[in-house]
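The listed protein sequences correspond, in order, to chains A and B. Just so you know, we're using numbering that gives the first Met the number 0 here: the first sequence kicks off at 0 and counts up by one. Just so you know, we're using numbering that gives the first Met the number 0 here: the second sequence kicks off at 0 and counts up by one.
Please keep in mind that the hints were generated in silico from the structure rather than gathered at the bench. Using N, Cα and C, we set each Cβ at its ideal position, and we do this for glycine too. Check the hints yourself; a few may be wrong.
Label-pair restraints from in silico Cβ distances [what the hints assert, rightly or not]:
1) A/182 to B/128: 33 to 41 angstroms
2) B/200 to A/123: 43 to 51 angstroms
3) B/153 to A/27: 46 to 54 angstroms
In the DSS-like style, the derived pairs of lysine-lysine whose C-alpha atoms are separated by at most 27 angstroms in a straight line are [as the list claims (entries may be wrong)]:
4) B/25 to A/139
5) A/25 to A/139
6) B/25 to B/211
7) A/43 to B/139
8) B/43 to B/211
The residues making up each chain are set out below.
There are 2 protein chains.
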Amino acid sequence: MVDTYIVHGAVRSSAAYRVRIVMKLKGLAYREIFLDLAGGDQNKEDYRAVNPQGLVPALVCSDGAVLNQSMAIIEYLDDMHAEVPVMPRDARGRARVRALSQMVACDIHPINNMRVRNHIRDLFPGDPDAVANWMEIWSKAGFDALEARLASDTETGRFCHGDTPTMADACLVPQVANARLSQRDLSPYPTILRIAEACEALPAFVAARPDKQV
Amino acid sequence: MVDTYIVHGAVRSSAAYRVRIVMKLKGLAYREIFLDLAGGDQNKEDYRAVNPQGLVPALVCSDGAVLNQSMAIIEYLDDMHAEVPVMPRDARGRARVRALSQMVACDIHPINNMRVRNHIRDLFPGDPDAVANWMEIWSKAGFDALEARLASDTETGRFCHGDTPTMADACLVPQVANARLSQRDLSPYPTILRIAEACEALPAFVAARPDKQV
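Start from the sequences and build out the full structure, keeping to the hints where you can.
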């Protein structure tokens with residue numbers, strides 16, 4: 000198997016998980032280097048030389064070019080490998096898929112990711128629930144909004160947008176997995192759950208799961 | 000002037016400011032409805048009917064379709080109005096512009112926006128510096144990473160990507176404006192400052208400024 004792409008990722012990074020889903024959906028050849036985020040690999044000099052932001056994922060192309068930011072990487076892969084598209088062909092559809100993706104990748108995930116959670120933990124050393132309470136607020140706000148959109152939009156199909164998986168599903172499924180890890184009650188989100196289950200029935204989504212990376 | 004588009008925005012929203020910059024760069028006909036975010040307009044039932052997420056901006060098209068999320072809106076406008084493009088034509092360039100935009104719109108802005116600032120204020124009622132300290136951490140992390148990328152990448156030109164403004168500049172300038180409002184020291188960021196100044200010399204960026212909306 001030719002290593003066309005190298006992904007600097009992490010088993011527990013939901014942003015790396017998004018990219019992995021799209022790699023698997025498209026059947027692309029890649030190798031993922033798993034950073035130990037809890038151990039601080041992302042802050043070491045050799046990774047900062049790859050991605051000065053110190054966040055995962057980063058995609059290294061066969062010519063050595065490095066791309067960062069999961070949604071930018073996913074759209075690049077879609078531009079370069081048009082088979083099994085993960086973006087709609089029409090401008091309205093693309094806007095909707097981007098918006099749904101950004102409702103996860105801008106408005107839930109960055110507020111709840113590891114660097115912020117660690118900071119909240121340090122701000123409230125005496126409160127064992129501080130991090131969980133923090134995550135619940137932003138996760139609930141985001142899931143409420145996503146459920147409202149997905150449940151009411153006529154473009155919602157078997158998946159977030161129509162009947163084939165898109166970038167929006169690649170963003171949604173890792174966020175649902177995070178919510179389950181935190182044992183959050185997802186029963187108020189029947190549309191999100193139905194879509195996540197449809198995704199998780201697909202081999203590409205199964206192969207991308209964190210527990211399949213170890 | 001025909002109101003082709005209606006933007007639900009806010010004078011002090013940097014996400015609405017991004018969309019305004021692109022509207023002005025492209026010379027599009029639009030009308031902005033300014034929500035009073037401090038007064039809670041975004042949580043009122045009539046706005047939630049437009050955008051269930053209760054965030055600005057939202058774009059209403061002439062056929063009544065509503066788009067949300069500023070980067071999705073900007074790329075939609077670029078798809079529909081190709082004159083004065085704000086996205087590169089090549090896949091690598093688009094990936095870079097999206098990544099730079101997301102470094103602002105995912106990794107700085109959502110952690111520091113009003114709903115999170117208000118929550119931090121409420122968590123630390125006795126600490127007048129709590130919000131400023133919070134903002135400084137995430138703003139510094141984001142600006143450090145952006146400066147490193149912009150200063151080292153050969154694709155950086157007069158603007159974030161080459162010599163014409165792109166979505167990345169439309170994201171960067173409002174974030175710089177926010178940093179100035181907070182009286183942050185931006186001297187460690189000479190490339191960011193140089194690009195922001197190049198942008199701010201353009202009439203479209205001037206016309207989009209918050210102080211020009213009142």
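Verification of the hints:
1. A/182 to B/128: 33 to 41 angstroms: 35 angstroms, holds
2. B/200 to A/123: 43 to 51 angstroms: 45 angstroms, holds
3. B/153 to A/27: 46 to 54 angstroms: With Cβ atoms ~26 angstroms apart, the hint is violated.
4. B/25 to A/139: 37 angstroms, violated
5. A/25 to A/139: Outside the cut-off at roughly 31 angstroms; violated.
6. B/25 to B/211: Given that 27 angstroms is the threshold and the Cα spacing comes to 18 angstroms, the pair holds.
7. A/43 to B/139: With Cα atoms ~18 angstroms apart, residue 43 of chain A and residue 139 of chain B stay inside 27 angstroms; holds.
8. B/43 to B/211: 26 angstroms, holds
When held up to the earlier numbered hints, the structure conflicts with 3, 4 and 5 and fits the remainder.
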